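Asker: Residue-level listing of the chains:
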Amino acid sequence: MSQPLKLAALYGAIVAAGIAAPLVFPEYTFQLAVLWIMILFALTWDINGGQMGYNSLGNIFFFGAGMYICALTQVGLYYDIGEYTASSGEIKIDYTLAQYFNGLALGIVLAAIGCVALAVVFGRVVFGLRGPYFAIGTLGVALASAELMGTWGWVGAGGGISLPVYPGDPDQRALLYYFLCFAAAIATFAFLRWLYGTSFGLAVNAIRDDEEKAEAMGIHTTRYKTVAWAISGFFLGIVGAVFGNMTGFIEPLEVAFPTTTFGIFMVLMVLLGGKGTLWGPVIGAVLFHVLKEVTWTYLLGWQWIVLGALIIVNVIFFQQGIMGWMREKFPERFGLVVDRRTTISSQEDG
Amino acid sequence: MTDAVIEVDHVSKSFGGVVANHDVSLSVPKGRITGLIGPNGSGKTTLFNSIVGYHPIDAGSIKFKGREISDLNVPKIARLGLLRTFQQTRIYGKLDCMQNVLISIPHRNASWIDMFARHSREQQERAERLLEFVGLFAKRRLLAGSLSFGQQKLLEFAMALMNEPEVLMLDEPTAGINPTLINGLIDRLRRANTEFGITMFIIEHNMRVIMNMADSIYCLAHGELLAHGSPEQIQNDRRVIDAYLGAH
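Those protein sequences? They're chains L and V, same order as listed. What the first sequence shows, in the working numbering, is residues 72 to 421, in sequence order. What the second sequence shows, in the working numbering, is residues 99 to 346, in sequence order.
Derived from the structure by calculation, the hints contain no laboratory data. Note that the coordinates shown come from a computational prediction; the quantities given were computed from them, not determined experimentally. The C-beta atom is built at its ideal place from N, Cα and C for all residues, glycine as well. There's no promise every hint is true.
[Stated by the list, open to error] If you want the footprint, here are the derived chain V segments under chain L, 3+ residues with CB under 8 angstroms:
1. 179-193
2. 208-220
3. 233-241
Whenever a hint applies, use it, and build me the whole structure from the sequences.
Answerer: Structure (structure tokens):
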């Protein structure tokens, strides 16, 4: 089989497996949906952390922001938000199916747009920072938002918000959110696959390798950095909006802005799979999620120690990750070859 | 001088107590090769950095094609067509040579949408031709970081040409390159000047190179302009010789 055919077969198999999985294993629908979210986390983190060399510890900010924007839209569309949150879950709104889907659709769209806007605004601040300062700066954004939402009574403060109840069959609901996560992850992958083939990919790689040189060559570095972060924000906002509805209840620390779990998992999955590659984050996310679920199930009580050990081994002995290691091992596979034909003319002859 | 593309007028720059440039004035004429020499620490690279906007200057003015540029930042000045290369080579190590050259296309008129454009067939061919021009065509698919220092300098030169600058400021282009390669590089720098019409402003320690190439030479010492003239005049200038040999 030729290369493009093989790829098409691979993509086809993944999409088919993605569609079949919740139908074959209905009891794992939630876990499978989280797997797609993890893949999306890793892919979006890698835009900045891997491809551009800006290690953000605060990307989870967009996840939470999208979640809140969507929830507030869904509630606010048909009820008074302040009154709803003040009742801390006492008020139950009965949505019709149409109302529910209108709210959800508008909420997701606004979450995406809102997170892009937030990325542009906060990008102005954090992209003045480099290296570890950038990492801490972005972490600060995420932590501060969690604190802010935790004290803001109108959005439910620490008590959180209960999301509208799906007016239908619970199994249908589970499938709906599974397929939204699946679609979001596939769309992210397809978009990034295209994006890294454009000059955008080269420009952010150039910024990663030597930002000062990129500036000296006239590349609009600030523009690229902001757009890269906004792309992360866009997809994270969408999946945040979806995840909020999946869990049915959101609050700032554990669900919306979980910096020490999801926020760190993003980084880990990419380091495991290989920074700055398209497939690395996907492979890393799948391995990580499986490992996490297995340890949570069979080594309960030890799961954090296993994860900690994984981090240490990964960072000390295996920094390049799986894809990075493959590239070192088989450079020809990645097109890194000396061309023995020495000139363009001989290339044409040959 | 009306044909000057770069006009440096009474520029001073200090770092704390160290006066790196004091009241330096010079001009780089269009289409020519101008040299800048001086002992180590005489302020050559500081002057280059001031011109390309790497740091603000304390006093004076710097004009590019009659436009004041001392208040612009690095990418803006680069987009005007005033490009510099670095003393220590700077390339994108984890990209291959071809990608290094491709991303160096001029960003002068790049709009937001151009961020997502693919490189055209013409750009690819141009990049290949430039890599052939500097003798790196066979290595175009290797990571730039795996090249030798001398090859990286050649790559950096190809990247600079891809950018189609009006003026190219080269900081010691032949430093660290072996003597046989130097002749080839001199030849290519000359051709870039004559064939592509690029004005050059070159810092160089290798006297044989700079005396051969430059139309006129400025000499800095202790941050101040010491002499200016043709290569012959500079070679025979007592003050220049003293500055280099350390006589007082």
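Asker: Determine for every hint whether it applies to the structure shown.
Answerer: Structure-based check of each hint:
1. For the segment 179-193 of chain V, the assignment as covered by chain L holds, since 9 residues bring a beta-carbon within under 8 angstroms of that chain's beta-carbons and 3 suffice.
2. Taking a C-beta to C-beta cut-off of 8 angstroms, the segment 208-220 of chain V contributes 8 residues in contact with chain L, enough for the three needed, and the coverage statement holds.
3. Counting residues of the segment 233-241 of chain V whose C-beta sits closer than 8 angstroms to any C-beta of chain L gives 7, which meets the bar of three, so the coverage hint holds.
Against the hints set out earlier in the document, no violation occurs for any number.
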